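Chemist: Taking the hints into account, I'd like the entire structure generated from these sequences.
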Amino acid sequence: LAKTTQPISMDSYEGQEVNITCSHNNIATNDYITWYQQFPSQGPRFIIQGYKTKVTNEVASLFIPADRKSSTLSLPRVSLSDTAVYYCLVGDLSSASKIIFGSGTRLSIRP
Amino acid sequence: SQTIHQWPATLVQPVGSPLSLECTVEGTSNPNLYWYRQAAGRGLQLLFYSVGIGQISSEVPQNLSASRPQDRQFILSSKKLLLSDSGFYLCAWSASLGDQPQHFGDGTRLSIL
Chain Z
599 LAKTTQPISM
609 DSYEGQEVNI
619 TCSHNNIATN
629 DYITWYQQFP
639 SQGPRFIIQG
649 YKTKVTNEVA
659 SLFIPADRKS
669 STLSLPRVSL
679 SDTAVYYCLV
689 GDLSSASKII
699 FGSGTRLSIR
709 P
Chain P
270 SQTIHQWPAT
280 LVQPVGSPLS
290 LECTVEGTSN
300 PNLYWYRQAA
310 GRGLQLLFYS
320 VGIGQISSEV
330 PQNLSASRPQ
340 DRQFILSSKK
350 LLLSDSGFYL
360 CAWSASLGDQ
370 PQHFGDGTRL
380 SIL
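Chains as they are written, first to last, in this note's numbering: chain Z, 599 to 709; chain P, 270 to 382.
Careful, some of the hints might be misleading.
To be verified - Here's a subset of chain Z near chain P, in silico, CB distances under 10 Å, partners left out:
id, residue
1, 611
2, 627
3, 640
4, 642
5, 643
6, 647
7, 657
8, 661
9, 683
10, 687
11, 689
12, 701
Source of the hints: derived by calculation from the structure; they are not laboratory data. All of these numbers come straight from a predicted model, not from anything done at the bench. Ideal Cβ positions, reconstructed from N, Cα and C, are used throughout, including at glycine.
Modeler: Pasting the structure below:
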């Protein structure tokens, strides 16, 4: 089971691009990388998932280098409503394996 | 579309009392179901998961138990609550063939007095 390491907290300003990096040195061949967003008193919400290179959806991009030992969640032009905790998870999609949520990155956006 | 419901949203219970939290999923069949607990300012701790009716895997030894009486129903129980059981309890589901992405309910804030 691959362990992940993320910064505890980050600050940015409205309109800026925010990049949150996650380290997962022991990622396995079958593991995918998934990011979640959590607001206070709510359950985490799925943001994006990828295996390699780059994935983009309507809210974020996920960059994964060739060695897959890290990944970067990119949030374009953040707003105050992007203030939340962001979790990086690594796991095998094909089996009911254990999923571990770390402490995440607390992102604070200022006006 | 699939939806997940948890209730109650908030619960205050005395030490030593029983607990029953319910979670139901709609719009999907044979989901994987999960119970998590989150302490204030911390990450999520997986308590139980289930891949089918009557199948429960326990991840953390404690005085809590889980049951899955129906395909889309997941129940978290305790016979006697402890102060340390306070926290934010989240139910989640994922597609039957994998763990991610997981889709979470709105949680139950449990306070033990």
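Chemist: Holds or violated: is there a CB of chain P closer than 10 Å to the CB of residue 687 of chain Z?
Modeler: holds, 7 Å
Chemist: Does residue 647 of chain Z pass the interface hint, meaning its C-beta sits closer than 10 Å to a C-beta of chain P?
Modeler: holds, 6 Å
Chemist: Restraint: residue 689 of chain Z near chain P, CB-CB cut 10 Å. Satisfied or not?
Modeler: holds, 6 Å
Chemist: Given residue 683 of chain Z as an interface hint, is its Cβ closer than 10 Å to any Cβ of chain P?
Modeler: Since chain P brings a Cβ to about 9 Å from residue 683 of chain Z, closer than 10 Å, the hint holds.
Chemist: Against chain P, is residue 701 of chain Z within 10 Å by beta-carbon distance?
Modeler: holds, 5 Å
Chemist: Grab the minimum C-beta distance from residue 657 of chain Z to chain P and call the hint holds if it beats 10 Å, violated otherwise.
Modeler: Check failed: Cβ of residue 657 of chain Z comes no nearer than 13 Å to chain P, outside 10 Å.
Chemist: Tell me if residue 640 of chain Z is really an interface residue toward chain P, meaning its C-beta lies closer than 10 Å to one of theirs.
Modeler: At about 6 Å, which falls below the 10 Å cut-off, the nearest Cβ of chain P leaves the hint on residue 640 of chain Z intact, so it holds.
Chemist: With chain P as the partner, please determine if residue 642 of chain Z meets the hint condition of a C-beta pair closer than 10 Å.
Modeler: Holds - the Cβ of residue 642 of chain Z comes within 10 Å of chain P, reaching about 5 Å at its closest.
Chemist: Taking the closest Cβ pair, is residue 661 of chain Z under 10 Å from chain P?
Modeler: Hint on residue 661 of chain Z: violated, closest Cβ of chain P at ~18 Å, above 10 Å.
Chemist: Are residue 611 of chain Z and chain P close enough, Cβ to Cβ, to be under 10 Å, as the hint says?
Modeler: violated, 24 Å
Chemist: Is the shortest C-beta separation between residue 627 of chain Z and chain P less than 10 Å?
Modeler: violated, 15 Å
Chemist: Grab the minimum C-beta distance from residue 643 of chain Z to chain P and call the hint holds if it beats 10 Å, violated otherwise.
Modeler: holds, 7 Å
The structure fails hints 1, 2, 7 and 8 (numbered hints given earlier, in ascending order).
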